[in-house]
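Undergrad: Chain by chain, the residues:
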Amino acid sequence: MIPPVLWELAAQFFVLSLLSIGGANAVIPEIHLRVVETDHWMTDNDFAQLFALSQAAPGPNALIVSLVGWKVAGVLGGVVATLAMAGPSSLLTYWVAHAWERFRDAPWRIAIQRGIAPVTVGLILASGYVLTRTADHSWSAYAITGATLALCLATRLHPLWMLGAAAGLGAFGLV
Amino acid sequence: MTAMSDSTATPAVASLSTSALFLGFLKIGLSGFGGVMPFARRMIVEQRRWLNEAEFLDVLTLSQFLPGPNIVNVSIIIGRRFQGAGGALAACGGLMLMPLAIVLALATVYAQYAQVEAVRGACSGVSASASGLIVATALKLTRPIRESSWQVGICVVVFVGIALLRIPLLWMLAALCPLSIGIAWRTRP
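Chains as they are written, first to last, in my numbering: chain C, 1 to 175; chain H, 1 to 189.
Treat the hints as calculated values from the structure; they're not laboratory data. Note that the structure is predicted; figures quoted are calculated from it, not measured. You can take every hint at face value.
Facing chain H, a subset of chain C residues (Cβ under 10 Å, in silico):
no., residue
1, Phe-51
2, Pro-60
3, Ala-117
4, Pro-118
5, Val-119
6, Asp-136
7, Tyr-142
8, Ile-144
9, Leu-149
10, Ala-150
11, Ala-166
12, Phe-172
Covered stretches of chain C, as calculated for chain H (at least 3 residues, CB under 8 Å):
no., stretch
13, 26-39
14, 80-88
15, 122-129
Here are a few chain H residues that sit away from chain C, every Cβ distance over 12 Å (derived from the structure):
no., residue
16, Ala-12
17, Val-13
18, Ser-15
19, Ser-17
20, Thr-18
21, Ser-19
22, Ala-20
23, Leu-23
24, Arg-41
25, Glu-46
26, Arg-48
27, Trp-50
28, Glu-53
Backbone N, C-alpha and C fix where the C-beta goes; we use that ideal spot for every residue, glycine too.
My request is simple: use the sequences and hints to build the entire structure.
TA: As structure tokens, this is what we get:
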């Protein structure tokens with residue numbers, strides 16, 4: 001007997017998989033909307049903590065999906081959510097990639113790419129905004145977000161140093 | 001001439017076994033923090049020469065445009081190119097296996113210590129910093145579209161709709177993708 005919550009997780013991420021133009025980072029606001037505001041599977045604070053964990057582990061950004069599944073239904077939930085997020089889009093990519101490469105210089109292909117580009121940029125900007133609002137509850141948290149942003153834009157420092165420094169500040173109760 | 005000695009322009013390897021795909025993507029999955037694409041590019045183009053620079057760029061562009069996690073799409077396309085369906089499955093499985101196991105283990109351990117003040121604090125610090133990383137990524141991505149006023153307009157509408165008005169993604173995409181592609185078509189060079 002499969003618990004209903006696993007079906008629900010699978011259904012949610014199955015749909016999100018096909019909507020995730022621009023990758024996992026682009027659908028963070030939608031995941032937040034569904035799991036925090038619509039389904040009440042977790043609080044804002046839970047979501048921020050899961051996001052932190054997903055960044056503290058090696059691997060693709062998509063791990064936030066695994067952690068949402070884990071929070072809702074344990075390890076099995078994490079596996080189901082990950083498969084549902086990766087499966088449909090991968091099948092689509094598998095079928096489309098070949099044809100797409102043959103039409104590399106077709107005007108319609110270039111128009112689709114130029115049209116989709118600003119949509120994905122807007123989605124990722126929205127992710128940054130929603131995450132900042134979810135994660136930052138103090139002036140010091142905003143300062144860390146701002147400092148990371150400035151360092152990323154102005155230097156080539158590896159992001160792991162910034163995450164590490166922020167973790168250290170947080171551990172000493174400074175966030 | 002020099003093109004032959006340039007690692008990024010040399011022809012890519014001719015064939016690649018399923019197990020090489022699995023192990024290669026296993027390594028990619030383990031190598032990056034907060035996104036693995038820079039590591040993937042270095043390994044695929046510079047170290048193992050599975051693809052040359054132009055081929056990788058093609059794969060990347062397609063991966064970003066199609067739905068799904070970008071690096072997962074890269075693994076599917078490269079796996080398929082060398083070994084068909086089995087290769088795609090091996091590459092994607094290799095990519096996700098260890099990160100998924102590690103993050104679920106980390107979450108399980110975290111749940112034990114979630115009440116410890118220092119652990120909660122460290123998490124808050126990381127999420128604040130990681131939010132900044134995403135904003136930085138997004139701002140860098142705006143560079144190629146800044147010259148075009150209609151692309152900036154679409155980008156702003158998407159941001160306002162998703163971030164401020166919290167309109168469901170499906171409605172935003174259904175309305176804006178056709179509009180944006182339509183404008184791109186009418187203004188094609």
